[in-house]
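Peer 1: What follows is the residue order along each chain.
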Amino acid sequence: MADFISRRPIWSIVIAIAVALLLALVFAVWSPGMEAVLGRKRVFLSALFNGVTLGALYFLVASGFTLIFGLMRNVNLAHGSLYLFGGYVGYSAGALTGSWLVALLVAFLAAAIVGVLMQVLLFRWMEGEDLRQTLVTIGLSIIFADLLLWSYGGDTFQVTTPDWLSGPVQLPFVVALRSNGEAVMMTYPLVRIAILVGAVATGVLMWLALNRTRVGMLVRAGVDDRDMLAATGVRVQLIFILIFAFGAGLAGVAGVVGGTFQSLQPGEDSKILLSSLVVVIVGGMGSIPGAAMGALIVGLAEQFGSVYMPTYAVMLTFIIMVAVLTVRPQGLAARR
Amino acid sequence: MRKALLAAVAACSLMTTGAVQAQEKLKIGVMATLSGALTSGGEDGVRGIQIAAKQAGNKIAGREIEIITVATDASPDSALRGARKLVEQDKVQLIIGPLSGSEGIAMRDYSKTVPNLVMINGSSGALETTFVNPSPNFFRFNSDGAQWMAGLGEYVLKDKGYKKISVIAEDYSFPYTQVFGFALGYCKAGGQIVQRQWVPLGTKDFGSVIANIPDDVDAVFLGLGGGDAVNFLNQYSQTGGKAKFIGGSIMADQTVLSSKGAAKRLLVGTPTSSGVADAWDDPRWKAFVKLYQDAFPADKRFASPSLFATNYYNAFNALAIAMGKINGDLSDGGAKLRAELAKVELDAPNGKVRLDGNRQAIATTFITEVAELPNGDLINKVVRTVPDVTQTLGLTPEAFKAVGLPSRTNPECKP
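Here the protein sequences come in this chain order: U and S. Using the working numbering, the letters of the first sequence map in sequence onto residues 4 to 339. Using the working numbering, the letters of the second sequence map in sequence onto residues 482 to 896.
Hints are supplied without guarantee of correctness; some may be wrong.
[Stated by the list, open to error] So the derived label-pair ranges between C-beta atoms look like this:
| hint | chain 1 | residue 1 | chain 2 | residue 2 | range |
| --- | --- | --- | --- | --- | --- |
| 1 | U | Leu-241 | S | Lys-725 | 56 to 66 Å |
| 2 | U | Leu-150 | S | Asp-696 | 38 to 48 Å |
| 3 | U | Pro-292 | S | Asp-696 | 36 to 46 Å |
| 4 | S | Lys-572 | U | Pro-292 | 54 to 64 Å |
| 5 | U | Leu-241 | S | Asp-696 | 40 to 50 Å |
| 6 | U | Gly-36 | S | Asp-858 | 44 to 54 Å |
In short, the hints are calculated from the structure, not lab data. Computed from a predicted structure; not experimentally measured. Glycine included, C-beta positions come from ideal geometry on N, C-alpha and C.
Full structure from sequences and hints, please.
Peer 2: Put into structure tokens, the structure is as follows:
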């Protein structure tokens with residue numbers, strides 16, 4: 004932190020001002036003049052919160068994606084299929100047992116097993132052949148999409164929100180003042196807050212695991228130089244399988260999460276794959292903090308876009324991607 | 482080598498005999514939205530075809546029929562792909578479909594390029610499909626989205642007292658047409674639309690849209706359908722909102738009222754209008770409901786046939802009647818069939834249907850309200866029926882044209 008400030012004083016000031024401005028916008032009671040320019044405060048706040056929770060979902064998917072890429076140099080274009088597969092399996096498990104947590108667990112395990120099979124049966128045999136791996140993953144994603152359509156049909160599925168997570172909560176942000184001076188507080192769906200907290204916890208745990216444990220050290224070493232790591236006698240294949248299982252499992256969990264506060268249907272796989280591609284391109288391939296940053300930016304861009312410029316909302320994400328590629332082609336948080 | 486040659490000859494002969502046999506059957510192409518947001522509607526449309534075919538003994542004009550279904554996803558290009566596949570690959574001359582508004586407009590244009598094709602609309606309801614440059618071989622035996630809204634505006638204003646509303650609807654031709662039809666009546670009677678939010682078909686996240694609903698409106702008009710409608714209701718119930726709703730024709734119908742989850746209960750008491758009403762006590766409708774319920778097990782159908790099942794059912798029957806009149810003779814490229822179809826008057830389960838000069842239906846509209854049955858099913862009970870609604874909604878063609886075509890902003894809402 005101190006290092007960053009001393010290296011980039013101007014950028015630090017810009018970031019500090021932006022953060023201060025944002026906090027002021029969030030906590031201040033808006034004057035009529037501000038409402039005229041920015042619209043009602045409730046709309047702004049809800050776009051902000053929705054953007055952050057959407058970013059949380061994207062982070063869950065993209066962190067696995069970027070981890071797999073960072074370690075194995077495998078652009079897994081079937082990652083979206085793992086998301087949808089996990090979502091459907093979680094839906095079935097949830098409908099069967101009535102428990103949301105069981106649904107999450109089953110989705111993680113099922114997607115992780117599929118991920119392990121993909122690594123052991125396919126990618127292991129074409130290591131280092133980037134183009135071949137990419138083409139195989141595209142093929143897999145098409146096969147998965149058709150298999151899922153075959154077994155679950157084209158209908159929209161929604162994972163039931165558990166009772167203890169449904170309904171709204173009141174947040175300590177004033178959105179408006181009534182004529183008698185009484186403050187109207189912001190209400191927000193509890194389930195979205197839970198998802199946000201869950202994603203942040205996952206992110207922190209992943210960071211700790213990567214930076215504070217032995218396995219994390221091996222993974223980091225693998226990202227930097229796979230061949231040297233193998234030469235020192237570490238069983239790289241085992242780490243590969245582990246990471247693939249974990250990344251795929253996260254995608255599966257994200258499927259259940261996405262199916263809870265949005266919904267599941269054919270076509271979601273490619274949509275979420277596209278989002279996570281944009282996320283990792285913006286954040287930097289192979290970097291977990293980059294995935295978090297990219298997910299936040301893309302989520303916020305989508306939500307603010309849909310509120311303030313609905314017609315061009317779809318374009319906004321890609322404009323950001325193009326801008327990042329122009330200014331910093333390696334991504335915002337990449338080291339190289 | 483000789484063996485291979487022989488095998489090839491044998492295979493060829495097999496294939497030709499297969500083709501001859503298939504020729505004897507009358508092929509009918511059916512297009513329905515079997516993926517995307519409107520899947521549940523498409524599936525019910527196919528059920529409508531199935532019961533109509535079963536009722537007809539799987540025969541039209543004495544010929545066995547073969548139904549070839551193609552799946553679309555409510556986008557015009559998926560409809561175009563589907564229709565091309567039916568015409569070019571399956572050599573189909575009769576098509577029932579499509580289901581969704583913008584698909585209908587694409588099919589109007591496509592049908593013009595295949596002169597001997599006869600197309601009967603499945604359930605699509607955009608105004609332009611039959612109103613602007615209509616195609617001579619496209620027939621629509623259901624009302625359009627604006628006709629289905631006839632009388633609803635006056636009803637919610639006068640009887641419900643909703644003086645100020647906002648609109649949330651999907652961003653394509655059918656919801657434009659619905660809001661158009663609703664606003665014509667509502668605004669003329671003195672109602673006010675303060676905001677219109679258009680969301681893409683297949684929207685997942687309604688959070689910002691919900692936050693954007695103004696606080697001071699009496700009700701919110703929802704022009705959503707299928708998966709989008711269910712998504713919206715789920716997310717709305719999560720925010721704990723308490724707004725009153727007005728439903729578009731596919732917002733509060735069986736595709737949503739039969740969906741899983743509890744969010745649909747938010748719709749109880751919602752006024753809506755459409756080409757069908759679940760609880761209409763007409764004997765013909767009741768017979769149709771029974772036919773539908775008996776044909777499928779309870780978990781493979783809705784509580785009562787939806788607008789989509791009814792429209793596809795009617796389309797099939799209109800085709801069967803016209804084909805019967807000409808003894809199934811399509812050798813003239815369908816000219817006789819088209820002439821007969823234009824004359825068909827359907828005694829349909831949802832009231833009498835006849836066609837106008839643009840081959841567009843003149844039919845009944847039902848104004849309904851969602852009610853809960855003792856067994857927990859949600860149904861639409863009839864408030865009033867509006868018979869013989871024309872495409873110009875009772876206006877002269879000139880006056881109707883002067884309003885302009887449905888769009889995000891048209892018609893303006895000036896009381």
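Peer 1: Let me make sure I understand: some of the numbered hints might not hold for this structure. Which ones are they, in numerical order?
Peer 2: 5
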